[in-house]
Structures are given as structure tokens and as C-alpha cells.
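Sequences are here, hints too, so could you generate the full structure?
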Amino acid sequence: MSYDRNLGQLEQAMEVLNARAKTWNVVTISRIKGYIDEDILRSTLHIIQCRHPRLNSRIVSLKNRLAFQTKGTQKIPLRVVEILNCEQWTEVFNEEMNHAIPSSKYLLRVVLVHISSDTRASFLITTAHHAIADALSCIQLHSEILTYYQKISIGEEIQPLINLTPLPAIEKLIPQSEQSLKGKISSLIFLLNVAFQKIWYRPETLGFEKYVPIEQRYSHIVHRQLNSQLTQQLINRCRQENTTVNSALCAAMMFAVAQRLIKENKKSLRLSCLTYLDVRKHIKPAITDENMAVLATSNMGLYSINKTTSFWQVAREVKQNLDISIKRGNIFKMILIAKYLIDFCFIYPKEVAATVSVSNVGKVNIPNVYGELELEEISFAGTHALYGGVFIVHTSTFQGKMLLNFVCSRPSISQETMEALVNNFISYILNISNYNDAPCLLDIQQRDYYTVTK
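The opening residue of the sequence shown carries number 1 in this note's numbering; numbering runs sequentially from there.
Check the hints yourself; a few may be wrong.
To be verified - If you anchor each label on the Cβ, the simulated ranges turn out as follows:
no. : residue 1 : residue 2 : range
1   : 209       : 268       : 20 to 28 Å
2   : 155       : 85        : 29 to 37 Å
3   : 228       : 83        : 34 to 42 Å
4   : 19        : 350       : 15 to 23 Å
5   : 216       : 83        : 23 to 31 Å
6   : 38        : 374       : 14 to 22 Å
Stated by the list, open to error - Below, computed lysine to any residue pairings styled on SDA-like, alpha-carbon distance capped at 25 Å:
no. : residue 1 : residue 2
7   : 151       : 165
8   : 75        : 4
9   : 363       : 377
10  : 339       : 60
11  : 105       : 42
12  : 327       : 165
13  : 363       : 339
14  : 401       : 7
No lab work stands behind these hints, which were simulated from the structure alone.
Note that CB positions come from ideal geometry on N, CA and C, so glycine has one too.
What follows is the structure, given as C-alpha cells:
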């Protein structure tokens, strides 16, 4: 049965980002206790590629249109790397972030990282084209890889695979009311309103410390962790304040930037926050995590922060803004206008897309034990070379720990600036988690966060 089809509008945009800017591919990393054999992993990837039709697809150009095509797709490539110690994984991760996927050949690649100082530990890194996957489906894919790896390693017979049916383009999954002519007109009005707010309010951003053309930009991550105690304290505090962890993360990101931008004579700052969310539960019938597709949308909010603005006030505003966006169907409109927003970034490369960006998948609900292998950590990041001047974080919570991958487009944000922003962010998280006050910009206490983030 052929699963070839034309790319949807959002999928086309993802391919443009991959080809022109090495941007928005999803890099996922698992830290695994136990040795992973290269040959068994190759056999596992073959099974995975058979099971998921989109992993057995490539993107081709046919008569001025882009399409998924099975014929000619290469096997999922596997690269094996050896590093001296566990801390060097970020070097391999950064390397993966800054290589576009040759989509005319395949749409997923894999790196197996062995550690010379510890033969009982491994890292598994996948880089997936965002036209076929989002963070949740990539995390689920890692669990699937480890499950089949365990079955093969003990000689268990693999039952005939039930191939998953690929989903249609996301534009065909959203409510019919949004797909209608009236819905499309509403989306156009929504796009004009987004443009008007950006022009009228001119939210402040970090800007470019150094400007270079898009093709010379590259992604870079700074990794941090919150231990299980601090993570639970944050969750509990958010419940007490009648908000969500995602909203608190957004507020902390904006406060970290505001701390850097606020001036003595400045009364207030207008900042923008771009946050991403999963649409699976908002689509009927609901779609499971194992389906590989781009099933995420975004929401843009504008917020005013001054030196005495309450942290929790901003967090609750973020939550309220998102709730309204969901209720009004704006999360579906963002899917329909995403291509135009991306085109704008290419037409005006000196513009900064947002002040901050947050992508939080929340609690990861996959097993941690796979036979002799134990999954200790799993996290992800999107590649964001295109988006100069934006402070970005991707978060996941696994086994009680929150894992944070902060991303920036270099050289628009220097390493020194990025480290300072991350330190500010962690300081706010520590303050709101450990104290009963409502911190503002003037209340931040720089603390020794390394003692709680290991």
C-alpha cells in the first residue's frame, strides 16, 4: 500500500526551515545505563523503519510541489561515536543540531555514543525532521527503540509488525470549522492582528550581539537539571499559586531577560513569549503519542514587566492567555498561519521573532527499565539557528527530574550572555520554589544553584 502524498502547508514550511536554515529539526537524547551493541541497534532501527511509514519516506520535489515518497528511501543511518566522559555529550548534541537532514534520502538519523571511561553507559541521539515528528513522538520513539532492542538482545521472536497508518497533514486534522472558508478568513484576520501587535507594541528583545546572514548562524545548547526535590517544590508552588509549571517557566524566562534589559530610568518592558503546546488532546478523535507527525502548535503573548511586577502575576497572565487562545481556537489558527510567520523571518532576517520561547512536554510517561538497559534521562531540543536574539528553552520531566536544554542562535547571543541568562533563570526558579514570597525583578537572589541542579 502506498503512503505517498503531498506535504501539507506546515510540513512544507518545516522542509524549508531544514533546507535553508538547519532549523526546527528535533534532536532527542537518552542517557542509558548499560552497553548498547551497534549491530543489535541496527537491527532495531530496521524494525522501527518498517513500523513507521514516515520513517520509510523521503521528501522529493515533483512538478513544483513537495511530496513524501517511499521509493528510494535509504536506511536510517547510524553513526557510532566515542567520548572520554559523560559531560562531552553536549559536543555531539551540538554537532547534530547543526547539520541539516538530507531529506531526499531519509528523515531520521541516529547517533550511538559510547563512553570510554564508563563502558556501562551510553547515549542515544536521534535527529528527526520536524515535518514527520514532534518532541512527544520522538520521546515515544526512543522508548520503542529500547523495547525492540531488548527483545532482539534476548532472542525473543518479533511478531509480524502492525505498521502504523501515517496521519494526514495536520491542516486536515484540525476542526472542520477552521478548515472552512470562514475559518480561513478568520485565520487571515488573526494573522493581521498578530502583525499589528508586533508593529504597535514593538516588544523588546535581546537583539543581535553580532549579526550574520542566516546561512552562517548555528544552534548551541546550555544544559541544566533540577533535582527531584526542587522539581517537586516547583510543582507544588505552582499549584499553590493557581498556575501551571509551563506558565512559571515562561515567566522565569521573561524575568531573566528583563533583568538584563531593564534600565534605571525605564519604567516597564513589553516582552513577548512564544510557547508551544501539544494539540493531540484538542483534536477529535484524540491522537496517541506513538503516531509520528508534527502535532504541535504555538501561542504568542505580550506581557508588561516593571521592577515591582509580581512573578506570579505574570505566570497567571501566561496561563490565562493560553486558556483564552485554546477556547477561541487560536491554537489552530497558528497552525494555518505558521508558514507566513516563517516566511517573514526569511524576508526580514534582522527581525527577532520573540523575546523568549518555551517548549515544555511536562512529565514523560514511558518506562525506565528495558531488560538490562535502564533509561536514566531523556530530553530534547529543537534546532533554532534561524531565530537570532531569542532566549529559548526545551524542558522535560523524567523520573522526577526536570531537564532543561536552553538554546540560542549563535553568534547573535554569545556564550557569556547565554550563561548569564540561564543563571538568572535558575535563580528565579530557586526563589519561587523555596520561598513564600512573590518575587519581582528587585527581589532576585543570586544563589549557588549548582548544589541543587546536579
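Now for the hints, and whether the structure bears them out:
1. For the pair residue 209 and residue 268, the beta carbons lie near 24 Å from each other, so the given range of 20 to 28 Å is met.
2. Range check, residue 155 to residue 85: about 33 Å between beta-carbon atoms, so the 29 to 37 Å window is met.
3. Between residue 228 and residue 83 the CB atoms are about 26 Å apart, so this pair departs from the stated range of 34 to 42 Å.
4. In this structure the supplied range 15 to 23 Å holds for residue 19 paired with residue 350, their Cβ-Cβ distance being about 21 Å.
5. For residue 216 and residue 83, the Cβ-Cβ distance of about 27 Å falls inside the hinted range of 23 to 31 Å, so the restraint holds.
6. About 19 Å separates the C-beta atoms of residue 38 and residue 374, a value consistent with the hinted range of 14 to 22 Å.
7. Between the alpha carbons of residue 151 and residue 165 the distance comes to roughly 23 Å, so the proposed pair stays at or under 25 Å and holds.
8. For a cut-off of 25 Å, the pair hint linking residue 75 to residue 4 stands: about 17 Å separates their Cα positions.
9. The straight-line distance between the Cα atoms of residue 363 and residue 377 is roughly 12 Å, inside the 25 Å bound, and the hint therefore holds.
10. Straight-line distance between C-alpha atoms of residue 339 and residue 60 comes to about 19 Å, which keeps the hinted pair within the 25 Å bound.
11. Distance restraint check for residue 105 and residue 42: the Cα-Cα separation of roughly 17 Å lies within the 25 Å cut-off, and the hinted pair is therefore satisfied.
12. Restraint check for residue 327 and residue 165: the C-alpha separation of about 30 Å exceeds 25 Å, so the hint is violated.
13. Taken as a hint, the residue 363 and residue 339 pair is broken in the structure, with Cα atoms around 30 Å apart against an allowance of 25 Å.
14. Distance restraint check for residue 401 and residue 7: the Cα-Cα separation of roughly 37 Å exceeds the 25 Å cut-off, and the hinted pair is therefore not satisfied.
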